[in-house]
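Using the sequences plus the hints, can you model the full thing?
Under my numbering, the residue at position 42 of the sequence shown is numbered 182, and the numbers go up by one with no gaps.
Incorrect hints may appear among the rest.
In silico PhoX-like links for lysine-lysine, alpha-carbon gap of 25 Å or less [said to hold, decoys possible]: (1) 185 / 243; (2) 170 / 156; (3) 156 / 195; (4) 170 / 195; (5) 185 / 242; (6) 242 / 195; (7) 243 / 195; (8) 242 / 194; (9) 194 / 170; (10) 185 / 195; (11) 185 / 170; (12) 243 / 194.
The hints are simulated quantities; they were obtained by calculation from the structure and are not laboratory data. No experiment lies behind these values; they were computed from the predicted model shown.
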Amino acid sequence: MKDLPAYVEKVYDLEKMPVEIGGFVNIARKHGIADGKNTVFATIKIESDRAQIKKFSFGYSDNARVYFEARLMYEGTNRYQTRDYRYLGTIGLFDSVYLPLKKGTNRLSIAVTEGFGGWGVKGMFEDTSGISIVP
141 MKDLPAYVEK VYDLEKMPVE IGGFVNIARK HGIADGKNTV FATIKIESDR AQIKKFSFGY
201 SDNARVYFEA RLMYEGTNRY QTRDYRYLGT IGLFDSVYLP LKKGTNRLSI AVTEGFGGWG
261 VKGMFEDTSG ISIVP
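Printed below as a string of C-alpha cells:
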C-alpha cells in the first residue's frame, strides 16, 4: 500500500460541495469522467482538543482509498454486485477506520474513483466529543 502521492498535497481545484439529504456528497452533480480523469479527493480537516482515537464510518461509490495525514489507512471497492450478487453498490456507512488524532489539526482525504453509475462519498463520527470539523 502506498502513501498519498506528494503531488496531491498541491490543491489545484479546491471547492466546497454541498451535502445532500442522507448526508452524502454527490460528486456526479459537479464532476463527470472527463479525459480519463475519474478520481477526486474529498478532504476534511479535523480539529482535536487532545490526542485520541476516533472511529470514522464512511461510504462511497465506486472505489476508495482513505488517507489520514497522508498515510493510506484503507482501500476498497463498493461497486455494483461486489459484496453480493444482489448488492446494488449503494452508499451507506458500511466501512470504518480508527483515526489516531493528534492534538490540533488533522487531515483526512478520501480518493473516490468512479467506474459507472454515479459516484459519491459520506462519512461520520459517532462520537464527536473533543473534535470539530474545520471549514
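We went through each hint and held it up to the structure:
| no. | hint | in the structure |
| --- | --- | --- |
| 1 | 185 / 243 | holds (12 Å) |
| 2 | 170 / 156 | holds (11 Å) |
| 3 | 156 / 195 | holds (24 Å) |
| 4 | 170 / 195 | violated (29 Å) |
| 5 | 185 / 242 | holds (12 Å) |
| 6 | 242 / 195 | holds (14 Å) |
| 7 | 243 / 195 | holds (16 Å) |
| 8 | 242 / 194 | holds (11 Å) |
| 9 | 194 / 170 | violated (30 Å) |
| 10 | 185 / 195 | holds (15 Å) |
| 11 | 185 / 170 | holds (22 Å) |
| 12 | 243 / 194 | holds (12 Å) |
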